[in-house]
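When you get a sec, could you build the whole thing from the sequences and use the hints?
Number of protein chains: 4
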Amino acid sequence: MIKVGIIGAGRIGRVHSESITKYVKGAEIKAISDIRVTDELKDWARTMGIPNVYDDYKQILQDPEIDAVLVCSSTNTHAPISIEAAQAGKHIFCEKPVDANVERIKEVLSEVEKAGVKFQVGFNRRFDHNFKAIKDHVVSGKIGEPHLIRVTSRDPDAPPIEYVKVSGGMFFDMTIHDFDMIRYLSGSEVIEVYVAGGVLVDPEIGKAGDIDTAVITLKLANGAIGVIDNSRKAVYGYDQRAEVFGSKGAVQTANDTNSTAIYSSDTGVIAEKPKYFFLERYMQSFADEMICFVDSVVNNKPTLVNGNDGLQPVLIAIAAKKSLDEGRPIKLSEII
Amino acid sequence: MIKVGIIGAGRIGRVHSESITKYVKGAEIKAISDIRVTDELKDWARTMGIPNVYDDYKQILQDPEIDAVLVCSSTNTHAPISIEAAQAGKHIFCEKPVDANVERIKEVLSEVEKAGVKFQVGFNRRFDHNFKAIKDHVVSGKIGEPHLIRVTSRDPDAPPIEYVKVSGGMFFDMTIHDFDMIRYLSGSEVIEVYVAGGVLVDPEIGKAGDIDTAVITLKLANGAIGVIDNSRKAVYGYDQRAEVFGSKGAVQTANDTNSTAIYSSDTGVIAEKPKYFFLERYMQSFADEMICFVDSVVNNKPTLVNGNDGLQPVLIAIAAKKSLDEGRPIKLSEII
Amino acid sequence: MIKVGIIGAGRIGRVHSESITKYVKGAEIKAISDIRVTDELKDWARTMGIPNVYDDYKQILQDPEIDAVLVCSSTNTHAPISIEAAQAGKHIFCEKPVDANVERIKEVLSEVEKAGVKFQVGFNRRFDHNFKAIKDHVVSGKIGEPHLIRVTSRDPDAPPIEYVKVSGGMFFDMTIHDFDMIRYLSGSEVIEVYVAGGVLVDPEIGKAGDIDTAVITLKLANGAIGVIDNSRKAVYGYDQRAEVFGSKGAVQTANDTNSTAIYSSDTGVIAEKPKYFFLERYMQSFADEMICFVDSVVNNKPTLVNGNDGLQPVLIAIAAKKSLDEGRPIKLSEII
Amino acid sequence: MIKVGIIGAGRIGRVHSESITKYVKGAEIKAISDIRVTDELKDWARTMGIPNVYDDYKQILQDPEIDAVLVCSSTNTHAPISIEAAQAGKHIFCEKPVDANVERIKEVLSEVEKAGVKFQVGFNRRFDHNFKAIKDHVVSGKIGEPHLIRVTSRDPDAPPIEYVKVSGGMFFDMTIHDFDMIRYLSGSEVIEVYVAGGVLVDPEIGKAGDIDTAVITLKLANGAIGVIDNSRKAVYGYDQRAEVFGSKGAVQTANDTNSTAIYSSDTGVIAEKPKYFFLERYMQSFADEMICFVDSVVNNKPTLVNGNDGLQPVLIAIAAKKSLDEGRPIKLSEII
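Residue numbers (the UniProt record's numbering), protein chains in the order written: chain A, 1 to 336; chain B, 1 to 336; chain C, 1 to 336; chain D, 1 to 336.
Calculated from the structure, these hints are not laboratory results. Bear in mind that the values here come from a model prediction, so they are computed numbers and not experimental data. Just to be clear, a hint being listed does not mean it is correct.
The list treats identical chains as one, so a pair stands whether inside a single copy or across any two.
Subject to a maximum C-alpha distance of 25 Å in a straight line, what follows is the list of computed DMTMM-like cross-link-like pairs (lysine to aspartate or glutamate) [claimed, not checked]:
{"#": "1", "residue 1": "Lys142", "residue 2": "Glu272"}
{"#": "2", "residue 1": "Lys233", "residue 2": "Glu145"}
{"#": "3", "residue 1": "Lys3", "residue 2": "Glu28"}
{"#": "4", "residue 1": "Lys58", "residue 2": "Glu107"}
{"#": "5", "residue 1": "Lys165", "residue 2": "Glu204"}
{"#": "6", "residue 1": "Lys22", "residue 2": "Glu280"}
{"#": "7", "residue 1": "Lys233", "residue 2": "Glu189"}
{"#": "8", "residue 1": "Lys322", "residue 2": "Glu107"}
{"#": "9", "residue 1": "Lys132", "residue 2": "Asp256"}
{"#": "10", "residue 1": "Lys114", "residue 2": "Asp295"}
{"#": "11", "residue 1": "Lys248", "residue 2": "Glu280"}
In structure tokens form, the structure reads like this:
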């Protein structure tokens, strides 16, 4: 049984808290911290059985009983807090992205290595039942050599413009998961990126300096080609599909729905829309990544989403932004 | 190359004419007869390249050049014309049902045997790509021993009441195909029938002495159980599905549609309705049964839907009617 | 917050314990009883945070702090324990079937009514997301008047013969859920039952006096017709589907699978098999029926599966057995 | 009724001959020509009822009774024969591609315009039921503004290397249809192309100077983005799918199969593979494009695949080849 501290009590910090409480047998939450400790937060912590609520994450880092921390604070604090946590000898689960700056990520990874602590990045989709099924087909050899990896990733609605302005852009905020998925499913590294993107959903997104629609082509080290299509707004819901095509076959997944019901009437044969958004679609994967993290700490195993897995998607996102800006394919070797 | 005469120029006679002209390389139509020879019929025959149009089918039977006839006239004439055709030495394709009277069917079969001519009954659904696929799975042994055979057969709309009154009832007019399908897919004979039926679609059908909705359970000689569900009106279109479940697996078919298009919008994920009715759904099977019939004549092979295949569904229909009337399961041995 | 006692610590008692602990905010388990209190049970109770483990359920009934009990003991004790619990003023969740004897069920219902306690029967499938989706379509009026209700219910493998001998027979053990489903989906009562059944899976089942395969036709009070097909062994897994067809449309559900992955290779296009068995398929429904039960206790609402819902399927099962034995349709009015 | 001459009696010339004979009521074939007139060809023409077989296409062009010609000869002769045919006042159905040289295509279009004859290019997939269903959704406004157009186009097996060497390369031989499909489904023109391609199927294809796998991104004049993924070898068969995603919804199609049968066994739930190759998948579309062509001649309507529809895909193919060679996106304005 390990003791965990959670840094950041926003939406994702609470999702992880619930997962640990309900599904993770080997861990208990000793403390949660947030820069704003409200009565609501205290009440929530009480119902969750979390004994300590701090307004300073350093109290968590200083607690010798706490074995591991979850860094769920705002993105710009992921790197410095992770560094402090490593220096304090805590195992680290860090939300994505680790940072938008490559040098800072490398610094985190260096400190983690020095401290010899576990470090897992929050690419929860690797734990999704559908994407895992694709991965299993690839690993088993049933696909043969992968030739094409396709990811469709479309949100049900664009975020508020105020969020768009501070999000770091679509590639860092949304596509970062898809970049990870291309690496995960292909088992190879991205070496070149080309983006065709535009503002088709909402002109305000363009005014905020971002795009909302893109097709991203990725050349991989093993010769395979990846392609992602993104939209900030699919009116029918959260569209999350993937396909790997190779020399021996192909495997693809469809969206999850709330039921398998099919209604036939004079207007057509109607199935349910996809589950609405990431909390509905990926809830189980949030639990499973936590089970995996605790298992790697308790049983001293490597984490399934390691430091390099945190670094590479950021490199790809930087290359993607550069490709969009310059209208040409960008080699990752230009970035590093 | 054989020469064919078509007796009856109604809808089904014309369907077969078009099939022979377009798809059957080994046959040409020398004559068509109908009790009402209109100008429209003559024009149609001309465009089809049919050289002779008669108002008396006997002219077809008397033509020594004609090898085979298609009996597409009204149901009550199927048996007598088939008998005459057999006596004239013509091979016979006879539309279903051969007759509603068991003795008359037996007389037909007896004459056919005496004459040594081919005799095929128009159970075209055996030639449907979907039902053939089920049959292939059964025959190949992939299902193992069949345990359950399910047929869903629902029309898109009830026929006119005037037709209902002369149709012989739902079992003879509509379910007769499903009785054949149960025999075909199971590879076994029906020994007992039980019907739960009612008038749920249109009270006028009840007033005409018929039902419009039924679940029919059939005990088979090999121990398997068949079940048919019928409705005269499925608002979403012609619903034609089947399933065979056995010791090693199950196989089922879905409806055919005009396209595989799936439309996702804020109201749901919408596929096409089934093809509208039997001409749309089964067009290719009408051609394929004709190719099969001509092949059995030209190459002296057994027909794939023989005399007994014409008799058994009529026995089952009689038992089904009796079961509905008496509210109890009826053994076919009670009928014969 | 209510306190709950669980009577019977077998598989289903533990399933409910886990559901309450993880998913039911308004309840906590104060005690569990079992006629055999092993060290393993004590350990398990400790990890679940259940403070008391008794070898006599009366200790639970005597505890004034306990508001509600779950009767998860062996089937023959459901009725007497429920009666005692009612007399002790406890709200009752009773596993199915309440009893195989109609009079004893009526006695339970009478005591429950006298005591004014809540009584819910464990027909968990009503809480399954797929069957609920069908029910929602029916209730919303999208199906119109129901005409046909079909339930396919096939187990992945036959139970051990020793179990078959004491199970009360397939209708009481397995089909009882399907009888409930026909009532639930149709919103009507069964008035007549006809069974075509046989021993096709395993002759030992026949020697034990039971059957393993059946098609069951049910006439409903509203004129609709229900049909169930059962098998004790579907080699491809747990097959649980249903369809309601009516005047305005039809709704059907497919099986749940572990993922939506489709693998295309030179041997075909392959999807996953259904989830293996009832614990995999219906896990969430077990939690949801518990949430519903606690809600009805806490907020004094009617339970969603009431006493009559416990009685009717037993009447139908008795009629089904009689139909099988006598080879004729049986009216429920013959039973009562 | 018009009279048609067919120039070129290879596979596609014969496909069109059969379509006209079977399905096109308004046309009859008066002559067919081929540079090699064999006994087999004469026999075939006789069974088809084609009265004249020439070894020189000029005999067709000189026949004043012939209204229209089908140019089905080798690719390099499409342009010169089309020019001669236009000058002879014949309506023209020309197989794709019109030519690999832009100037020659423009010359053809100029002569066609001068002569005032109909000119239709053989992009038969526009007449496919699935792609037409997508197009119908787009045209009806159900998709809203198109944002993403995806085409998956994978052959079941690579052509012989000898064919690869003379094919003009994958873009001209195979992807040309997909370029047309992007234009057709989007209703917009391609303005820029980027290709990520490689040799992953067979190194011999690389030695022959071609590629066998590609992801092609296309920027469209209306702001939408197109993406095509190609492979020369999908072991599961001919993979032909498309999707249009827009502001109001998305529509996608699946592959056609020989039946809807689904086989469930202990190894999985298995559907049929896609129809094998283009003759199986697109047979009806070959007939329908012919019906459309004859209709446009007989009723003096514009053809549905006009001269510009012949030109644009060639421009895109040239740009695609240049993008592959130079590793950068190519604007079509660089080509023209």
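Right, here's what the structure says about each hint:
In the homo-oligomer, the alpha carbons of Lys142 and Glu272 lie at most 25 Å apart only across protomers (15 Å), although the nearest pairing inside one protomer, at 31 Å, exceeds that limit. In this homomeric assembly, Lys233 and Glu145 come within 25 Å of each other (Cα to Cα) only across copies, at 12 Å, whereas the closest approach inside a single copy is 34 Å. Taking the shortest alpha-carbon separations for Lys3 and Glu28, both the intra-copy value of 5 Å and the inter-copy value of 24 Å come in at or below 25 Å. Only within a single protomer do Lys58 and Glu107 lie at most 25 Å apart by alpha-carbon distance; the minimum there is 20 Å, versus 64 Å between protomers.
For the homomeric pair Lys165 and Glu204, the shortest alpha-carbon distance inside one copy (10 Å) is at most 25 Å, but the shortest distance between copies (50 Å) is not. Taking the closest pair of Cα atoms, Lys22 and Glu280 come within 25 Å of each other both inside a single copy (17 Å) and across two copies (18 Å). Taking the closest pair of Cα atoms, Lys233 and Glu189 come within 25 Å of each other only across two copies (24 Å); inside a single copy the shortest separation is 29 Å, beyond that limit. Taking the closest pair of Cα atoms, Lys322 and Glu107 come within 25 Å of each other only inside a single copy of the chain (23 Å); across copies the shortest separation is 42 Å, beyond that limit.
In this assembly of identical chains, the alpha carbons of Lys132 and Asp256 lie at most 25 Å apart whether taken from the same copy (14 Å) or from different copies (17 Å). With identical chains, the CA atoms of Lys114 and Asp295 are at most 25 Å apart within one copy only, with a shortest distance of 21 Å there and 52 Å across copies. For a Cα distance limit of 25 Å, the shortest separation of Lys248 from Glu280 across copies, 22 Å, qualifies, whereas the shortest one inside one copy, 33 Å, does not.
Checked against the numbered hints given earlier, the structure satisfies every one of them.
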